[in-house]
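Protein chains: 2
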Amino acid sequence: MSGWLVIAGLGPGSETLVTPEVTAALAEATDVVGYIPYVARVAPREGLTLHASDNRVELDRARHALQMAAAGRRVVVVSSGDPGVFAMAAAVFEAVESGPADWRELDIRVLPGITAMLAAAARAGAPLGHDFCAINLSDNLKPWALIEKRLRLAAEADFAMAFYNPRSKARPEGFARALGMLRDVCGDDRPVIFARAVSTPEQAIRVVPLTEATPDMADMRTVVLVGSSLTRIIARNGVPIVYTPRSAPE
Amino acid sequence: MSGWLVIAGLGPGSETLVTPEVTAALAEATDVVGYIPYVARVAPREGLTLHASDNRVELDRARHALQMAAAGRRVVVVSSGDPGVFAMAAAVFEAVESGPADWRELDIRVLPGITAMLAAAARAGAPLGHDFCAINLSDNLKPWALIEKRLRLAAEADFAMAFYNPRSKARPEGFARALGMLRDVCGDDRPVIFARAVSTPEQAIRVVPLTEATPDMADMRTVVLVGSSLTRIIARNGVPIVYTPRSAPE
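Same order as they appear, the protein sequences are chains A and B.
For reference, each letter of the first sequence is one residue, going 1 to 250 in our numbering.
For reference, each letter of the second sequence is one residue, going 1001 to 1250 in our numbering.
By construction, these hints were calculated from the structure, which means they are not laboratory data.
Some hints here could point you the wrong way.
[What the hints assert, rightly or not] Listed next, the stretches of chain A that the computed footprint assigns to chain B, with coverage defined by at least 3 CB atoms under 8 Å from CB atoms of chain B: (1) 16-30; (2) 133-142; (3) 153-166.
[Unchecked claim] If you only want the chain B side, here are some residues facing chain A, beta carbon under 8 Å, derived: (4) Arg1056; (5) Val1057; (6) Phe1093; (7) Ala1095; (8) Val1096; (9) Glu1097; (10) Ala1126; (11) Gly1129; (12) Arg1150; (13) Ala1154; (14) Phe1159; (15) Asn1165; (16) Gly1174; (17) Pro1245.
Don't be surprised by glycine CBs; every beta carbon is placed ideally from N, CA and C.
Only chain A is shown next, with the shape it has when bound in the complex (with noise of 0.2 Å):
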């Protein structure tokens, strides 16, 4: 019996956005793995077992995976959008090399999917459309400092962003810091845009210019994505297109 580890992304949420990679491996599985609402999105079906577990254990949650496949199972983790953008994949890996000796050797495959981020763009227009960055503005597990080191870095080199988990009970200041920082280095009235649940039938897109953006804009569903200083806006009727050209003048 030849076990194998799969760490694959579910896109982020409709399953026209789930490739057909992830959903032969989902097919071959013996085990699935993840967080509840992800593991939730598996269809059970004979042969399969599901193993859903809570939020912020995902050391634990990867170390199981790799006992069952050590073990000959063949098992999917699975995340929502890409596992390797603040997802389960980083994860596996850290308790691959903390582990024994014999997961090494394992046969482990990461399988990308559509990200929040991309796909948050893709309905607003294309505000990725140049050099841009992606950070995770949680603060459970590196220190708030270096984010705000991070958003005056990426301020400064006009890059657009991409925010993952804004915002939570937790620390609810923390979003709030970071978009009063971004208008004082900004300094201008950039679109930021709210994507909240992208590709489900909770879908809401909301574009505001910086100074109007307010902390309660966001929830752990949302992605907010900030204009470079050159984004622009086209309006017309209904939401309008916002994007990032692909030339920035000399």
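Fit chain B to the known structure of chain A by using the hints.
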């Protein structure tokens, strides 16, 4: 007759990475527009006209697609990867903004795809598992000084980095300068991943320390990923695993 325009991402190469949403749009299209090698990935069929054009005519291509959609055709503009990342979506919106007013009211949708950096990251492990940035190293449409400034600030922010269009015959010296600057600013031997033609039969992944990275390791089919100061390598038989942990220390 009601036309529409879809700007679709075909992913990095493999058909197993094309989303069902994109496959469905192609099945409904009357016209497919794009750069020759991307249009070649669409199967011909009765009722579908393929419009393949050369590189560097993005705005002409975008206007042609918009004209056809305005005339009632169902048009798909194809990009490799994700259309919103250094690809056709921004070009189409530039054409919309400078074009006739009725183009703004067209049914235009962007369908995301698996972008090269995330496909490459998945093959290598999880090098973009913490905050990161994406920079187009081509200076066709922006001054080289801006690229250098962004590289310096991105290194100072300790982002992992993804470089698109690292090298062309027309400007072979740019990438060498970028690597030299990173060696100076980073001052360590973090891993660099050269990922060529990911997910195609020509796929080649190479991991080298920054001090050993040379420009000839990349061509225009290569995406280059550079770790942050925290990026780690897990040695094993065959290609090592490269990943950036989720945590950053105080």
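Exercise for review: Please flag the earlier hints that this structure goes against, numbers listed from lowest up.
Suggested key: 4, 5, 7, 15, 16
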